[in-house]
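Asker: Sequence:
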Amino acid sequence: MNILVTGGAGFIGSNFIKHILHTHPSYNLVNLDKLNYAGNLENLKDVQCAKNYRLVVGDVCDRVLVESIIKDNKIDIIINFAAESHVDRSISDSTPFIHTNVVGTQVLLEVSKCSGIQKYIQISTDEVYGSLDDTGYFTESSPISPNNPYSASKAAADHLVRSYHHTYGLPTNIVRFANTYGPSQYPEKLIPMTITNALENKEIPIHGQGLSIRDWFFVQDNVSAIDTILHEGLSGEVYNIGAQEERRTIDVVHEILEILGKSRG
0 MNILVTGGAG FIGSNFIKHI LHTHPSYNLV NLDKLNYAGN LENLKDVQCA
50 KNYRLVVGDV CDRVLVESII KDNKIDIIIN FAAESHVDRS ISDSTPFIHT
100 NVVGTQVLLE VSKCSGIQKY IQISTDEVYG SLDDTGYFTE SSPISPNNPY
150 SASKAAADHL VRSYHHTYGL PTNIVRFANT YGPSQYPEKL IPMTITNALE
200 NKEIPIHGQG LSIRDWFFVQ DNVSAIDTIL HEGLSGEVYN IGAQEERRTI
250 DVVHEILEIL GKSRG
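Start counting the sequence shown at 0; every next residue gets the next number (numbering that gives the first Met the number 0).
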């Protein structure tokens, strides 16, 4: 199997690449990443010399580049991790989020349609559903109700993926997962930011009162689930994956502070 992974130098993408190379050593992986603030080649230093792994630096919106990668490497599968994903940055300026998350997805879908790709997997987020109430959890049939420019751009991309499946018969899956944490996560995200700020006795910024409820999911469990969807997912299906560990943001921060022996003050 020849797989194109976009955004593979990021947090979840890099963990997925290492997982696939370890569990499926006969597969060939091409990683297309433009190496912006979220891409870090240190995440992949353990596999950078592997014979069945190749890095291409570039933008998913570059159709000519994407087409050449698919042709030159006889790509069977595309898994699109590439995304601008930081909520605060999307609030400051949504333009790059529309460019990468929406336009980039459309380019990948169009090339997939024209190239006979066997499966296209869109890596999305449960943030497209909005916020949880005090009880319950999201399902695949939950209403799409994004609350910020980032999640709105991901919702738009998901709708494009669904439309290419229903209009053109493109074999697709959409994967929406919970807040993921673990090794190599970008330091602006809540858990690594809380840990580093607490260790340095700095204030920890929290949106509002920190009452938003999200599911929390370890990255290795996440990439294992994506692996399962890659091999067993039914065409056209949406899959939510998570740990059913729904917690308020403020409670996650307080638990980390308790583990580190730091005062909530």
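Hints are not guaranteed to be accurate.
[Claimed, not checked] Heads up, simulated DSSO-like pairs for lysine-lysine below, C-alpha to C-alpha not over 30 Å straight-line:
1. K201 to K261
2. K73 to K44
3. K118 to K70
4. K112 to K70
5. K73 to K112
6. K50 to K118
7. K73 to K188
8. K201 to K73
9. K44 to K33
10. K188 to K70
11. K188 to K112
12. K33 to K188
13. K73 to K118
14. K73 to K50
15. K70 to K50
16. K112 to K201
17. K33 to K73
18. K70 to K44
19. K188 to K201
20. K33 to K50
21. K33 to K70
22. K188 to K44
[To be verified] If you anchor each label on the Cβ, the simulated ranges turn out as follows:
23. H230 to T94: 33 to 39 Å
24. S262 to R53: 36 to 42 Å
25. H253 to K50: 44 to 50 Å
26. R246 to H23: 29 to 35 Å
27. K50 to E202: 44 to 50 Å
28. T166 to P186: 38 to 44 Å
29. N39 to R62: 47 to 53 Å
30. H98 to P186: 21 to 27 Å
31. L34 to S91: 29 to 35 Å
32. S114 to H230: 17 to 23 Å
33. S91 to S262: 26 to 32 Å
Quick caveat, the hints were computed from the structure, so don't treat them as lab data. The beta-carbon is built from N, C-alpha and C at its ideal position, and this holds for glycine as well.
Asker: Of the hints stated earlier, which fail here?
Answerer: Going through the list in order, the structure violates hints 7, 8, 10, 11, 16, 24, 29 and 31 and respects the others.
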